[in-house]
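We have chain B; now place chain C onto it with these hints.
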Amino acid sequence: MTTPTTPVKPSASSWLLVAIAWTLVGIPLAWGIYRTLQTAVKIF
Amino acid sequence: MAGLLAKERIIAGPGFNRWLVPPAALAIHLSIGMAYGLSVFWLPLSRAIGITQPAPGDWKVSTLGWTFTFGIVFLGLSAAVFGRWLERVGPRKAGVAAAFCWGGGFLISALGVYVHNIALLWLGIGIVGGCGLGLGYISPVSTLIKWFPDKRGMATGMAIMGFGGGAMIGSPLANLLINHYATPTSVGVWETFVTLGAIYFVAMLCGAFGYRLPPPDWKPVGWTPPAVQSGLITKRHVHVGQAWRTPQFWQLWVVLCMNVSAGIGVINMASPMIQEVFGGKLIGVAGALKDLVGDQRLQVATIGAGFAALLSLFNIAGRFFWASLSDYIGRKPTYFIFFALGTVLYAAAPSAGKIGNVALFAGIFCIILTMYGGGFATIPAYLADLFGTQHVGAIHGRLLTAWSVAGVLGPVLVNYLREYQLGHGVPAASAYNTTMYILAGMLVVGFFANLSVKPVAEGRYMTDAELAEERRLAHEGAGAR
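Protein sequence lines, in the order shown, are assigned to chains B and C. Following my numbering, the numbering of the first sequence begins with 1 at its first residue and continues without gaps. Following my numbering, the numbering of the second sequence begins with 1 at its first residue and continues without gaps.
Hints are computed from structural coordinates only; laboratory data are not their basis. Note that this is a predicted model, so its numbers are computed, not measured. Where a beta carbon is used, it is the ideal one built from N, C-alpha and C, also for glycine. Any given hint could be a false lead.
Said to hold, decoys possible - Ranges of calculated distance between the beta carbons of each label pair, as one might list FRET restraints:
(1) C:ALA474 to B:GLY26: 51 to 59 angstroms
(2) C:LYS290 to B:ILE27: 37 to 45 angstroms
(3) B:LEU24 to C:LEU341: 30 to 38 angstroms
(4) C:ALA468 to B:LEU24: 36 to 44 angstroms
This is chain B alone, in the form it adopts within the complex (with noise of 0.2 angstroms):
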């Protein structure tokens, strides 16, 4: 099987597609990173 190999722009809706995605790894790091923050202030 060959696939073209010209480059081509990403389409549009892949666009909300990665920021779904983004959003559903970004929302637990945030969390635990605004944990993490909670803890840490306690140094100073």
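Frame of chain B, contents of chain C only:
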């Protein structure tokens, strides 16, 4: 099912957005990153029988700590052993295997806790889970490097940042679950293991099914490879079987081992270290840690935990920052900074402790931890530069044995030296000084290992025929890059 996981099936179509691949990798790395947060289970597990306090037959924290050691050792071993397999079958199958191992490992450990069998606990998260760590860790590396030829460091840095951040999510989540499940007859850990195992299994499957490979000859729109490349960046490819026979592989092995040993030692002792070095100064009262009483000790311990948390933030920030920076300044100069600046900072830490400057002391270790994380995140791009991209995942897997060694060497060295110093009458506040100088010495070794890295010898690269055969075995098109 096998077809669903096949490498041919995940070749992206035209117009696929490459920015979908890093979150897939992050889903896996954030899950397996909980390996760094396992210590949250040790205290409750140390009273699994006694419930409110340790009883006869309860496990010691030091015994439980072996679970982490097994995990890191098996991470390196499985990455080394299965790296070549991963290159052939593709990242999706490897990601699914990692999900079964890591999620399944939690279930086996849950059974181990339920029947109170330490061997099952070690087997679950330590050995089976450790294999999941290795497979999951290397699964996105070569894929990301192929999708981001223009930003190799940044791309792998994003994924490996997730491994550093996993414990930030997993530790507080585990605490919430333990408190939720705790009853008068259970400390709530086996139930937490089952829940976390299920969550990680699903998250990792989502990540694995999000992986896509670029089509043959793919390159980003508007990007052309630089016509003139540095001698340390090759367009050719070294076979994994050849790579580990080159001096460059072992130089980078030493680079990673020294950088990780020093950093992992600090991570392990961060909380007790700041408490013992500054004692009452942390809360504005005179006296060493041993002179403090009740509530004062509690306040100092809270600050110690805050210091450890602060370091973990800088650890993950460094993974993204340094790996991205290496795309602009080059990998070798990036490691020069790690080792030169790191040596100075480790050597300066005892003085900061001696003059009682908490902010300076904390600042030094925050910078050190960015470079610890940066060392992990930049190494895949360094390997791709030197050995090419064809087998970079497998070569990275073999290099991770350096992490296994460092995972044992760093903590053992730091703990042994501390005990030795204390045993010879050195005050607790000064017990870390010699350790810091030794860690600085290890970075000097890393500095010279990095200095000695030269381009791979011509005879080590695959010929066109060998490369074509490798690509056939890897189910790639003839023109794949």
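Against the structure, the hints:
1. C:ALA474 to B:GLY26: 51 to 59 angstroms: Since ALA474 (chain C) and GLY26 (chain B) have Cβ atoms about 33 angstroms apart, the given range 51 to 59 angstroms is violated.
2. C:LYS290 to B:ILE27: 37 to 45 angstroms: Once the Cβ atoms are compared, 44 angstroms apart, the range 37 to 45 angstroms for ILE27 (chain B) and LYS290 (chain C) holds.
3. B:LEU24 to C:LEU341: 30 to 38 angstroms: Distance hint for LEU24 (chain B), LEU341 (chain C) holds at roughly 36 angstroms.
4. C:ALA468 to B:LEU24: 36 to 44 angstroms: holds, 39 angstroms
In the structure shown, a violation is registered for the earlier hint numbered 1 alone.
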